[in-house]
Amino acid sequence: MTGLALSHFTAALLFAVFASVVFGITQREGMRDQVRYGAYCFAMFIGGVIAAGWVMWLVRH
Amino acid sequence: MANSRSKAASAELERPSSQALSAMAVVAPAVGWLIPGAGHLAQKRWIRGLLLMVCIVAMYILGLAMNGHVYQPNSGEVLDILGFIGDVGAGGLYIVSRAMDYGQGMIQHATADYGTKFIIVAGLLNFIAAVDAYHIAIGKKK
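The listed protein sequences derive, respectively, from chains R and D. Going by the working numbering, the first sequence opens with residue 1, and the numbers climb by one from there. Going by the working numbering, the second sequence opens with residue 62, and the numbers climb by one from there.
Misleading hints may appear alongside valid ones.
[Unchecked claim] Among chain D residues calculated to face chain R with C-beta under 7 Å, some are:
no., residue
1, Y195
2, I199
3, K203
[What the hints assert, rightly or not] So these bits of chain D aren't anywhere near chain R, every CB distance computed over 12 Å:
no., residue
4, V88
5, I96
6, K105
7, Q133
8, N135
9, G137
10, L140
11, I142
Note that these hints are calculated values from the structure, not bench results. C-beta atoms are modelled at their ideal positions from N, C-alpha and C, and glycine is treated no differently.
One chain only, chain D, in its complex shape:
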């Protein structure tokens, strides 16, 4: 009886922090997806956030600089749809590059094909970073 009372009391005490955590559990991955590394920065993981930001943004920009292709959502071909899913992981970077019409040229040399892969992998790595930010927010990871 006393044990259950103490559990209820501790749950009562923990409620405000768990509410704050649940808000962060939504905000951190969303912000992390939109701006690579921002999900970690929002939770005061400065070094990790900056490293993620630098790596993902550099990879995406290098891909564009190599004339990599940025996939569109409505091409209809399965491989293009998969490419789009990878690209869209980069969040804000993808939105900006689509708005500025970057990465729409024809691939004419091997390096440009590497660029396409750099862009896709940057997006996929950003998905992983956003999930990591979520795990930090729910307390599964420090």
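With the rest of the complex left out, here is chain R:
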């Protein structure tokens, strides 16, 4: 059984969405702060993925 085959970026994107929602809800109070913190976490996750990707590209070349 091969299972669900997601690309690396899709897997990272889904991970970022789910983790950001949970972080936003649990780490802040009030709807506005929760949405802002969730968006911040999401941006950090995706930014980290893109930055790490470029670092690996630079190491490889």
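Dock chain D against chain R, hints included.
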């Protein structure tokens, strides 16, 4: 004197609600651990509870769908024990997947390794959600 009397009277008035809160402080994290998001739903935080439930359950199921590994409690290796601690955070999802023998295949490709991480992180996020439900129950958070 009058001040201390009024404090005692207010404590007397608050006692029934604090007893109810202490019961909820035990029930909410326990239920939240067993069923992701249920600790918030039990305290009428409908939107937050549903969002937590959807995110944690979806993450766990995606991990299983990617052929992720579900750790067992008695493997003996340190990394496996840490994996088990993460997995067991998913509560009922972990119990069901162990009972149905899901996630016991060999990891043969990178996506399956992502699946393993999805399952572990879903459990860890559920721990955070259960603690949040406890904080709501004791009044530390609204």
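Hints, one by one, checked against the model:
1. Y195: violated, 11 Å
2. I199: Since the shortest Cβ distance to chain R is 14 Å, the answer is violated.
3. K203: OK, holds: K203 (chain D) within 7 Å of chain R, min 6 Å.
4. V88: holds, 18 Å
5. I96: holds, 15 Å
6. K105: holds, 15 Å
7. Q133: holds, 20 Å
8. N135: holds, 25 Å
9. G137: holds, 27 Å
10. L140: Holds: least Cβ distance 20 Å, greater than 12 Å.
11. I142: holds, 23 Å
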